[in-house]
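Novice: Could you slot chains B and C onto chain A? The hints should help.
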Amino acid sequence: MIAWQSVGHMRWGWFLLSAAVLILLPLVTDTHTPTLLLIYALFALSLGMMWGYAGLLSFGHSAYFGLGAYTYAIAVINIGESTGPLLLSMAVPAVVAAVIGAMMFYGRISDVYMGVITLVVTLILFKFMSATAGDAYAIGAARLGGFNGIPGFLTLNVPGYPELSLFGLPTYYISVAALLLCYLLCRYILARSFGRVMVGIRENEARCELLGYNVPACKTAIFTLSAAMAGLAGCLYANMAEIVTPAVFSLKQAAEVLIWVIVGGLGTLIGPILGAMVLSYVKFLLGEQTLIDNSLILGVLLIVVVLGIPSGVVPALIRVWNRYLRRKRKREAQGAARRRLGIPSQEHP
Amino acid sequence: MNSVVETHELTMRFGGVVAVNTVNFSLQERELRCLIGPNGAGKSTFFKCLTGQYRLSHENGRVLIRGTDVIGWSTHEVVRLGVGVKTQVPSVMNGLTVQENLWLSARRIHGWTGADGAVDEIAGELRLTDVLRRLAGELSHGQRQMVEIGVVLIQRPWLVLLDEPAAGMTGNEVERLIAVIRRINESASVIVVDHDMEFVRMLGSTVTVFHQGAILIEGPAVTVLDDPRVREVYIGNRAR
Amino acid sequence: MDYAGVVTLEILYMIAFLALTSAGLAIVFGMMRVINLAHGEFVLLGGYATLKCSQLGINVYVAMLVIAPLLVGIVGLIVERLIIRFLYGRMIDTMLATWGLSLTLIGLVTLYFGPSAMSIPAPIPGYQLGTYQMGGYNLFIILITTALFAAMWGVLRFTRAGLIARGAMQGPDVVAALGYNPRTVYMVTFTVGAALSGLAGGVLAPLTGLLPSSGGAYIAKAFITVITGGAAVISGTLSSSIIFGTINQLVSFAAHPVIGEIAMLALAIILLRLMPRGITGRFFRDGT
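The listed protein sequences derive, respectively, from chains A, B and C.
If you're matching positions, the first sequence starts at 6 in my numbering and goes up one per residue.
If you're matching positions, the second sequence starts at 34 in my numbering and goes up one per residue.
If you're matching positions, the third sequence starts at 1407 in my numbering and goes up one per residue.
Simulated from the structure, these hints should not be mistaken for laboratory data.
Please note: incorrect hints may appear among the correct ones.
[Said to hold, decoys possible] Only part of the chain A face toward chain B is listed, based on derived beta-carbon distances under 8 Å:
#: 1; residue: A196
#: 2; residue: S198
#: 3; residue: R201
#: 4; residue: V202
#: 5; residue: N209
#: 6; residue: E214
#: 7; residue: L215
#: 8; residue: L216
#: 9; residue: N219
#: 10; residue: G347
Ideal Cβ placement from N, Cα and C applies to all residues, glycine included.
Excised from the complex, chain A in its bound form (with noise of 0.2 Å):
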């Protein structure tokens, strides 16, 4: 089976290594922003499957990782017990999303009125959970709480047995285990039909409808996988977090998930991934407080990366790579070529 360098291959090496470097990373160093990392690169990955390879740009995918959190805290303040709310964090966002992506690509909405669209309902939601203040805003037992969110709710437990705690490391490694997980899935993915008729749909919808596929069905179920990614981020999320507030579904949240993916690397896997945890590695050690050195350097390299590389930091390092491997694999060539020949090799003057 040939295949497609359009969506690249699974590099099994990489990606054992890292899996290896990620499970042992515990014993160096304390796990909490490990954590939030991972929670932030899973995040990440959901928008730049959907975008560098479906080429469907979502404004607001904050929307889906916040309704993951909060559907994650409300289901389980409600269960009690954290396996169905965990199963609901990823079921809710992608409901919705189905609901939305249905409405937006069988109406043949797309570009920057998809990205509107995407950003109206991460910007309902947030000004509704601002304002559910007070007693009278509740889902069952759980409190919506405003501006200030829901605090205190039950962390992630082993299945069944509400008593014994998963917060901690298990959690981390949880985290851990989702982001390899969703990596493995989305490989998969690329490597299947399903995957191709994507990077088809982004390159010439129209060509492809002609070619007998169902685009919007396609786009459709994209959305709601990426949501349903986004929505387990959101859950582990409010775990690691503890509290869930509506800045989840703000603005500032979903330009950042934006800019992880542009300056990582839009149409890699890897790209997104690492985009957010450099990123949001730089911002913590810039510190929370000082919105100042945040935003302008933040702004100041968005600039950058979209003038000079617009195609993100890790293509850009590929590209360097690539041409460094073939200038070696020629000057190799050359050696052997002049030594079959009986050449001397060149001294250097």
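Specialist: Here is chains B and C on its own, set in the frame of chain A:
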């Protein structure tokens, strides 16, 4: 008399302009037909009505493909009947290689395992083997047209609709194209839309001439193309 | 009766607010298909410029109507030369770069003015409408917006510059065919758009107060208003402002301000679904 395509009173309006005016058209099995006419005559609009590229309702008339009324069908549903469509502007997936373009099309019909073989076969026929690994966007206009034709044919459609397939092709490519069209016609019905009379003359099929949204005249190429009415429609007032 | 008057005035104010804050973005989008996500910060800069001027003792009307647009116009010119002009035709890249610019501007503003809210007193006193106390300044804003749009319409319809602008809206080739350099036209357009944003910010500053993060509120509403309005600068922006302003305020009065905002957003989705090219993409064709 098996008709493969039939339209009944097909009408299409854009605002106040009637682009297709109650057209009754029919195409028989294994027929090769050229639709010609000057720019604005309605050929391309008619073509798009056949391929589900407009949201039509029964107010627009009826379009029957092998007996099935496809009015209101979306494009991919029409294509799945077994219709191959090549659009006016070469439409291939520029960021994918030629091979990937062909594979994506082949896969729907031949499945995962059969697709590779089908790709090699079509590439051989259309002399695309050398450019299989090149990105479709990097090829010349004529080569992209060939890729698009390959992408259409690889699905083995029994009705093939080609809109200006020869545009931008070199003399050699046009000859190859004509041979390909003749070969397709051995197993499929073909409609070619074009406004280039020389190309149509070379194909030598039955010709339907469109003028101001309606069919002016229909007949064998040799008679129709020399008909004074057709000349006038094309050359118009220039000759005076 | 008075209540009807109050509601009407509030609706008019909301329409004016949306139209005024969207005007700059609409010009730039309608002419160049550029979406400037730093638009909210341009508005903010206009507000801060007015604040600084009033602190320096300059007449507040001069500050908001003359100095603010001038200053922000210059900022716009610099931004166009340094960033935007490399990205024409790349809509998504422009959005991202201007998003970066917006973050940068927020950072700079916070650095210079500090992160806390600041305000300018409203120069026009309130008045009584029946039993209701109304802000007089709102009337001023409605007036300014009306004057601005009338002026824009006049320029587009009756001046040569306006003719070139309307040609530019059809595409860069039209501009070139007329003998003008499209690049220059775009440069001027972006500058004018920025100046209008600055004007909006200056005029609104006494009412809304100034906070480095307020830009976000402006851009969200303006973005939605402009895209839903479609590519026609005047009729598009006015149509969507009227629709959104009315719904927003009516629902706010009937229920709750937050629900009013949500209603406006939900309406945007519905409108875009029904008219994917925006209101004026469907109904109006001549570009104004």
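Novice: Now tell me, hint by hint, if it's right for this structure.
Specialist: Now for the hints, and whether the structure bears them out:
1. A196: Hint on A:A196: violated, closest Cβ of chain B at ~11 Å, above 8 Å.
2. S198: holds, 6 Å
3. R201: holds, 6 Å
4. V202: This interface hint holds because 7 Å falls under the 8 Å limit.
5. N209: With Cβ-Cβ at 5 Å, under 8 Å, it holds.
6. E214: holds, 5 Å
7. L215: holds, 5 Å
8. L216: holds, 5 Å
9. N219: Holds, about 5 Å.
10. G347: With a minimum Cβ separation of about 34 Å from chain B (threshold 8 Å), the hint on A:G347 is violated.
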